[in-house]
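Asks: Protein sequence lines, in the order shown, are assigned to chains A and B. When you line the first sequence up against my numbering, it's residues 1 to 98, in that order. When you line the second sequence up against my numbering, it's residues 99 to 195, in that order.
Source of the hints: derived by calculation from the structure; they are not laboratory data. Worth double-checking, as some hints may not be accurate.
Calculated cross-link-like contacts (lysine to aspartate or glutamate; reagent style DMTMM-like; alpha-carbon spacing at most 25 Å) [claimed, not checked]: (1) B/K126 <-> A/E70; (2) B/K174 <-> B/D130; (3) B/K101 <-> A/E70; (4) A/K5 <-> B/E118; (5) A/K24 <-> B/E110; (6) B/K180 <-> A/E92.
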Amino acid sequence: MALTKAAIAEHLFEELGLNKREAKEMVEMFFEEIRSALEQGYQVKLSGFGNFDLREKKQRPGRNPKTGEEIPISARRVVVFRPGQKLKLKVETYAGTE
Amino acid sequence: MTKSELIERLAERMRVQLPEKDVELAVKAILDCMAHSLANGERIEVRGFGSFSLHYRPPRVGRNPKTGEAVSLSGKYVPHFKAGKELRERVNAGMKG
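Next up, chain A with everything else stripped away, as it sits in the complex:
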């Protein structure tokens, strides 16, 4: 089972008493505002959780894995997530079976 937007909205409904419509929009807009900031070229820093940074990648040679044909991978901007200290500590001790 994975955590989804629906489950997060349900949590807001139960814990904070937002109504279902508010909770759903809150979760939708939360992710949309982060996407929108990144799209506009801004780093997003959520203290205690982590940072979403942008990295510029240069063009590099690639290959079509099916045909073996060489095709350049164009220069691009990508998102990298750097977890914060608090999140790292919380997760590090997980002793599960993943």
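Got chain A; can you put chain B on it based on the hints?
Replies: Relative to the frame of chain A, chain B by itself:
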């Protein structure tokens, strides 16, 4: 954009009107919920945004940088994020625009 700027924007832009204080509580609750899920080894999947999962780092022998002394470090899990299709495409289009 910081967490407090995110809270301000959400308070301004949501169609559903909520006081900034409530938006702040909601943002904190969302992040806690996500952190809690990862701490329990549960993935997070948000379509169009991306997924968070855990990656295992095997045990290794590290060094105390001050003394040079060898210390054995146990295996651990680290959070990993993979951007979803919409996020990848919008961020990359943003570079050209």
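Asks: The structure should be examined with respect to each hint, and the outcome stated for every one.
Replies: Evaluated hints:
no.: 1; hint: B/K126 <-> A/E70; result: violated, 47 Å
no.: 2; hint: B/K174 <-> B/D130; result: holds, 21 Å
no.: 3; hint: B/K101 <-> A/E70; result: violated, 43 Å
no.: 4; hint: A/K5 <-> B/E118; result: holds, 21 Å
no.: 5; hint: A/K24 <-> B/E110; result: holds, 17 Å
no.: 6; hint: B/K180 <-> A/E92; result: holds, 19 Å
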